[in-house]
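Peer 1: Sequence:
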Amino acid sequence: MSSAANSKIFTSLLELENNPKLNQYDPHLCRDIHIKLDQEARAEGLSYEERFEMAKKNLSVFHKWSSIFPAGISQCLKEYWKERVSSAPLDPRFPNVNQTKRCWVNYVDYHRCMEIKNDEKVCGYFKHLYKDLCPEEWTSKWDDQVERGVFPGIHD
1388 MSSAANSKIF TSLLELENNP KLNQYDPHLC RDIHIKLDQE ARAEGLSYEE
1438 RFEMAKKNLS VFHKWSSIFP AGISQCLKEY WKERVSSAPL DPRFPNVNQT
1488 KRCWVNYVDY HRCMEIKNDE KVCGYFKHLY KDLCPEEWTS KWDDQVERGV
1538 FPGIHD
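Take 1388 as the starting number for the sequence shown in this note's numbering and just add one per residue.
There may be inaccurate statements among the hints.
Pair by pair, the computed Cβ-Cβ distance ranges are [said to hold, decoys possible]: (1) Thr1487 - Asp1531: 41 to 51 Å; (2) Lys1528 - Phe1449: 34 to 44 Å; (3) Ser1473 - Asn1505: 23 to 33 Å; (4) Glu1523 - Ser1473: 40 to 50 Å.
Rather than coming from a laboratory, the hints here were simulated on the basis of the structure.
For every residue, glycine included, the Cβ atom is placed at its ideal position computed from N, Cα and C.
All chains should be built: construct the whole structure from the sequences, respecting the hints.
Peer 2: If you want it as structure tokens, here you go:
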């Protein structure tokens, strides 16, 4: 991802820079900022994977962002980036510790999405999840089955 996209996304937050009310963390304002950042990332055409990488980079240089923004906004940005770099977020459909089914569902959803949309930016979220959840030997086996047309999870 380019630094131009990164800076463009955060340009709108600079108006908050000198607001003394923002020295305190406000969960309502923070939620609004998270929504705005996600909207701008989508408007930039960033894939899920690119947003993940951007969050990882920004979290690693958080001290720079905390010197620019008031404490409340800095805490909000840190929270936003931590949420975006966490491994597979909570999915209430899979409440158990065993995430085998979740791995399978995301693998199948990725391939179905690619069949329908054929767009990595749209379907990348599922790929990110299955790569995080599934052992590589499973996905290698499934990839081979998909190539041979015998994968049991996808039917025409």
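Peer 1: Are the hints correct? Go through all of them and say.
Peer 2: Here is how each hint holds up against the structure:
The hinted range of 41 to 51 Å is not satisfied by Thr1487 and Asp1531, whose Cβ atoms lie roughly 19 Å apart. At roughly 39 Å, the beta carbons of Lys1528 and Phe1449 sit within the given window of 34 to 44 Å. Judged by the Cβ atoms, the range 23 to 33 Å given for Ser1473 and Asn1505 holds: they are separated by roughly 28 Å. The given range of 40 to 50 Å is broken by Glu1523 and Ser1473, whose C-beta atoms sit roughly 20 Å from each other.
In this structure, the earlier hints numbered 1 and 4 are contradicted, and the remaining ones agree with it.
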